[in-house]
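**Q** Using the hints, put the two chains back together into the complex; each one sits in its own frame.
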Amino acid sequence: MARGKRKTASSALTRRAFLKGVGIGSGAIGAGLLAAEPPHRPAPAKAAGATLGPGPVALGLKVNGQTQTVRVEPRVTLLDVLRDRLDLTGTKKICDRGECGGCAVLLDGRPVYSCMMLALDARGRSITTIEGIAPKSGLHPLQQAFIDRDALQCGFCTPGFVIASKALLDRNPRPDLDQVRETLGGHICRCGTYPRIFEAVLSVGGRGRPADT
Amino acid sequence: MASRRTIKIGLDGGSRDVEVQVPEGEPPIWDAAARLRVVGQPVRRLDGAAKVTGTARYTYDISLPGMLYGKILRSPHPHARILSIDATRASKLAGVKTVIVFDRPDYFGKLENSEDSGHPMESDAGGSEGPKKRRIRFAGEEVAAVAATTPEIAEDALELIDVRYEPLPHVVDLEEARRPGAPKVYPQGNLAPPSVGEQGNVETGFKAADAVVEGTYTTPVALHNALETHGAVARWDGGKLTVWASTQGVFGFRDDLAKFFNLPAASVRVQSDFLGGGFGAKFGAGVVGVVAALLAKKAQAPVKLMLDRQEENLATGNRPSSVQWIRIGAKRDGTLTAIHLKSHGTGGIAGGAGVSGPVRMFYSCPNVRTEEQDVFTNAGFAMPFRAPGFPQGSFALESALDELSDRLGLDPLDLRKKNYVEQKGKVLMQEYDQAAKAIGWSRRRPPSAVPANGEIRRGLGMGTAAWGMYGGPPADATVRISSDGKVECVCGTQDIGTGTRTAMAIVTAEVLGLKPDQVHVVLGDTATGMYSPASGGSVTLTSILPAVRSAAEGARRKLLEAAAPGLGAQPEDLDLKDGRIVTSSGGRSVGFAQAAARLKSAVISAQASRVDNYKGMGGESWGAQFAEVEVDTATGQVRVLKIAAAHDAGRTINRLTAESQINGGVIMALSYALLEQRVMDGPTGIVMNPNLEDYKIAGPMEMPEIVPIMVDASDVANNIGVKGLGEPPIVPTAAAIANAVSNAIGVRVRDLPISPDRVLALLGKVKEV
Ligand code: FES
Ligand code: FES
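Those sequence lines, one after another, are chains A and B.
No gaps in the numbering here: position 163 of the first sequence is 163 in the numbering used here, and each next residue is one more.
No gaps in the numbering here: position 551 of the second sequence is 551 in the numbering used here, and each next residue is one more.
No wet-lab data here; the hints were simulated from the structure.
Hints are supplied without guarantee of correctness; some may be wrong.
Keeping only pairs whose Cα atoms sit at most 30 Å apart, straight-line, the calculated BS3-like set for lysine-lysine is [as the list claims (entries may be wrong)]:
#: 1; chain 1: B; residue 1: Lys259; chain 2: B; residue 2: Lys240
#: 2; chain 1: B; residue 1: Lys259; chain 2: A; residue 2: Lys136
#: 3; chain 1: B; residue 1: Lys765; chain 2: B; residue 2: Lys642
#: 4; chain 1: B; residue 1: Lys259; chain 2: B; residue 2: Lys417
#: 5; chain 1: B; residue 1: Lys437; chain 2: B; residue 2: Lys418
#: 6; chain 1: A; residue 1: Lys136; chain 2: B; residue 2: Lys486
Chain B extracted, bound-state conformation (with noise of 0.2 Å):
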């Protein structure tokens, strides 16, 4: 049964009523009108001081009794069959307790189509290929693993294993890859079935426009590195395995385990109490959740493996490559014609090169035709990484939206506005509006002739953000009062250092009129059987907390209908405030903690589940970033002075962490944008920088000023009206940028990363690179 309930949507101070079907027993939402106390306040992380002091553990920091060290010996070769595994010597070095060797073709068969195989088309079982053999398809792909007592000697270990291998012909350049006669990663071929969308006509469109431009962008292959390598500790019980994992999603990997293992979920436990960063790469088992569990079993021992540096680096994920073509038409006023990208890139053995999602949502175009193909060539498969294809798309599709602007002699800020999509907040007009604002957009200047030498030049530049994952069921929580006045709130999910943790506990306070830090929070552990989707695509937040809400709604209900007698007034009449029960004349009070220990059993507890998202309701979350840049002329460095970010994520549960998780989707692209590449080998097929020298993060010394603005925009989709904020910050920053760069040097940028070697070729001082 639903019921029908008038609400208010909107920003603050510019809602507006709306009607919404709401499921039976949803506690009144918390509409642009609702006046909360905790909700939207910075709060400070609860688990801050176990961050501070070293004494958060991780799956890194694990130390079980007897454990062992695991390690894995992974193939040099990009391409190759594996002839035979020798691997006496490594079991007879003391310290080795077992050594467990890849042979078989199918050896992680198992793992196919789960979220984060990494092997999607592994598909030689039985091929025509002859003897089965296992097949290679990239530098650092798994051939053997071993346990020992120390990791020293399990590192010693891998060097006595003998392997023989046929190396095959290799491909691991995304044009080489798509000529006809190149070495095949799949029998299939290397090129996957392209995708094609299309929306009214483009011919038609560009035939309408007054203005075209075109021009081909290009992004490099880009790694997650989140600072906690993947890895796992196992420890078997009997049939009942445990694990430690450093994964943002432990029900995931729970369930893969069970399948590979043949066990039902409920004998697998996955915990994770703390992770050191994700970023999309951490879903499912994996190849190293399974070994880990595979090396405890065999060894009769716990296992701890956890991956080096380099290992993260070649086989753990990573956001493709593109190489996009774009044309965009539009009328002599700015309103656009028609988009017309044709795209490919390589994720390596995998797929996940498209790019197309901002071209199709973030403006508004009649005309809108999209082409896109994976590529596959010998190197590491990959994964999503924040806000998978959106931060490619979002550089070619702003950059030509600038360039437009110019050739029409339009500001590139009202071409957007002139185009934008209508939504039910018009916030991104507000976000357009208070991040220009905090940038200083009036003193963008069209791009003057190219600098004389030595010149350093400032230029603004901009982009807009959305992404549109509302989250939903399944998901669940309990909420629990004890005797003793313990507060505890339960959901099964992970934090990956959003927030989430301490995000429960604001939204249990809230509700039961307590300070956050009151609320107990569990989480990271399956055994609490309290489901949550995976933390990815910005959907915890907002799959999660309506469960939460639900549940310590739930256990106030009962709360109150305990003190209400002692208080001598109904529940309805009851409300709690700042730790106490107060009649709602206000006349009588009873402390929070008295009134659970006047309860006639241990504890209370209410359980609630996730309801499906209100029909009509919800919609993308949006964003826009401007960026100022200062770059020398002379040695075409970039320096990024200031980003102004501002974002929505409907209602906002904590501004501190939302700030910060802006701020870190900002860092993360600048970093993109300048700095960060994948380099393969062509001739060895392996990569060059599988490292944090080589690979280069942005560090202090790179850091801009940055301004992150969250936009209170009331959405009702949940009981809480909280959207997703993960993903939307780390889409526009590198077409800011890019833009700005363009902008201060009147050349158009059109390859990530902007590094000076680049500049200096777009200027003309160098041969293009």
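In isolation and in its complexed conformation, chain A is listed as follows (with noise of 0.2 Å):
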């Protein structure tokens, strides 16, 4: 189209610009934590003639040290339950689809996304959420880390960020910067606080720079 003639905001898009246009830039959204730390693949349900669903089953959950029982369809996500039925809301739903961190939970240790993940496959998991991190008194080092560096604004994307961050942490006590960075690739935060994850992340590995508060 030449210059100066009036152009479209999107009518010249075609499918394939469309496509295009999307399948480049961030290429790590929906990559990092997946590809840091692949999704422990569940094994399949044990085939003891028992079918499950469609209706409601009782589901034995591990969570923050704590068994607990609820009944669920099968097709209810790990995320929902410990949202709508354990009433852990620290845990956020923000994409419901894997795109964004929000719901990352650990999973005997190592982060998911709780959105993509039915309740059924976490049985027999340890499974620790935002509310577990902390120890009994006090904070754990690296929600500290955030309050001082103030590595939030709105704070609803936090809780997967703390919990990417602790299972970076606690594989690879002092991460560089690029190793902080494609860990919590797969996160988003609309506030824009990444540069202050960052150095608390950094900080509690030692090499962040000092905080100013």
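**A** Here you go:
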């Protein structure tokens, strides 16, 4: 299209251009967390002759060290059970399809998107949510670092970032900036707190700048 | 009665005396000479612990006994008449408690002209179209709603609602909608009356110019995508309605519901303790708030209605697109002689596509003409989006100015300085210099020839920010000191993530000689009766903090009066410092808690209201941003390396959260510049990327180094000297990045987002997209 001529914001977009447009750019979204920590693939449910569902089934889940029993339909995700049935609402539902990291929890110590997992598949695993990160009194050093560096604004994305960062520090206590970035690559913060999240995580690993608060 | 006072305004170190008219009863003004202990320091957020432990309760997290889950059925058609809705099957599904169908033409009519109606021109009721059928104007508009015992059952019920539509021709493309004969979004047509502004005479201005540049710039429709979606939890107790809402304005939300249900405002209570972002899309109750309350009323049980991500991206607001033709003339030395802007854009079924703010505000130019037009399309409605119109307008204006600088052989920064708007503190000059230094602007070279294949090129660019809303009355606050030593600061306002809660505590603590974490803040509740405007337009702190301060001063006075006899002193001779009341000689003192314990009443409290801005005072918040980028000319990929952003908010209240707000604005704008665009499919009229995978938002991997710089410039339109900071940081970033890319590749960027395919097209490597 010639310069100077009126153009349209979107009319020139073909389907092909659209797919191209969305295909490039932030290749990391939705990939970072998964790339760093492949989601634990549950073993297929034992064929003990029992057919589960479609009605509600009883389900025992070990969450933050306590085993709890709920009755839910087999189609219900781990995220929905945590939030709607166990009232553990720190874990957020933001995209509900593995695109944002807001629902991250630790499954046997590894981060997973709880919106992408059925609750049934979490049976027998140890689940840690944001509510289970802090010691009995006080805060986990990472949580304190988030506060000190102001690594949060509205705070809606924060639980997911804390969970993923904790998993990183647990297996790599002194990550560098690139490792932090990559680990958190699958998380979105709309308020734009990333630089300070990086600082917070680096500081806990002993690689940060001093805080100014 | 007003009194005259002499105060110091301006920058730290470079202040001067001015005389202001101040209403009776105003406390001593915190001017440039004021020495404050807490205000302006970096202070940790008071609600940080609640947020990092997951205990903060957002609307999405509210759960009430017997609560049902609501869901909305939405039209798959972009334009249709609803012939019938049959909810029989859905109603019979076990677990479904209520179904409501929105079949009347004016179902949400009462929301018209509310802050968040989304239906600004709905006027079909009783029109010439024959039988009164509700008309759907965009894919995603609300058709029916259900409430059920579980979210899954509610979801299933939607599939059992049978709707017969009569599809009508639709138009979703901006240019198609402008053509004669295009399907009509409204009976009146698709073109809103143009809005024209003229100052001086552009013809004369262009004749006087030595150089003229002109070009057409486009920007896409962008979606807010606050991470907490729109939604509410509603509960009726008899004739009283209580709502928890994800809203930027609890009072506006309340008023909309009161109007819809014909209730006195006092019968509606809206609360929002924590809010997962808004960015302009969450004013008023909107359809979501009303539907939550309707379902709760009909089901006679509390109902939680939270939208999912797709709904959020279809029907809760957007930043309109723009096509801007701009022409700028200047003298050889860079003095601007004329700016002419013609623009149009679409906010779907709503208006709001104006972009002329920057052209009218940012630079001094004697001849300016702006012609703007809203175009209606069958798409979701616009809502204000962080500095409405400014990121778009800034992109075209600053790009054209850079082109002009290159044409005249001038440094782009010098050209801006030459045409800056004289303002009281000359704060912008400081911001230019500080941010330029932080980026290393002296390294900038004029663009050279288009790079050879495969080269990686770097470039530098810049842009200016300004915002001109100052807040004002009405806003009320109460500060209470209890005999147990507890200090409470109360204002009904909401904290959308900016740190309002902490700012209220900081001001109270400053006045009472305490630490911010010794102040308990109550906000997000209309039942406080302490009014606050909605948090939008950067007016929250500017409106409420002066009232908070006056209330705190009132409580302080009462406390000192009570303590004076015990200290054998007059109240005027007492001061509050470091948690103690001390005599001016420093000879005697008593601890704050001890003084409170000796109060003759259980509580002392003072209430105060925001007074008008001082006459003739106040002015824009300014800012300057500089960007450095790297362009891979083989792939077209743009990487932003660094952004230096200098801004002022008058007096900075909390350096820590202020810097976060700068980061946030910069990042959101970077995302807009490089990644974001809502894509509509012409033939079907639907949004193709209503999710976070295909609607890309910048994440950790895209982050540049960001240098936030707060410049302190005391201003005195209110007793604190605070100005807004919510919008300014998002204004110039996209322009600065686009200018840096143009500087890198030697070809002018004219379209956002600056996607790799577009960069390759600019480089002539692929056909233009
Ligand atoms: S809610 Fe699970 S990844 Fe977004
Ligand atoms: S802090 Fe608001 S989304 Fe991250």
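**Q** If a hint holds in the structure, say so; if it does not, say that too.
**A** Going down the list of hints, with the structure as the test:
Among the hinted pairs, Lys259(B) with Lys240(B) is consistent with the structure: their alpha-carbon atoms are about 13 Å apart, no more than 30 Å. Of the pairs offered as hints, the one joining Lys259(B) and Lys136(A) is violated, with about 48 Å between alpha carbons and a cut-off of 30 Å exceeded. Proposed proximity of Lys765(B) and Lys642(B) is supported: the alpha carbons are some 27 Å apart, at most 30 Å. Restraint check for Lys259(B) and Lys417(B): the C-alpha separation of about 50 Å exceeds 30 Å, so the hint is violated.
Restraint check for Lys437(B) and Lys418(B): the C-alpha separation of about 18 Å stays at or below 30 Å, so the hint holds. Taking the CA atoms of Lys136(A) and Lys486(B), the gap is about 26 Å. The hint holds against a cut of 30 Å.
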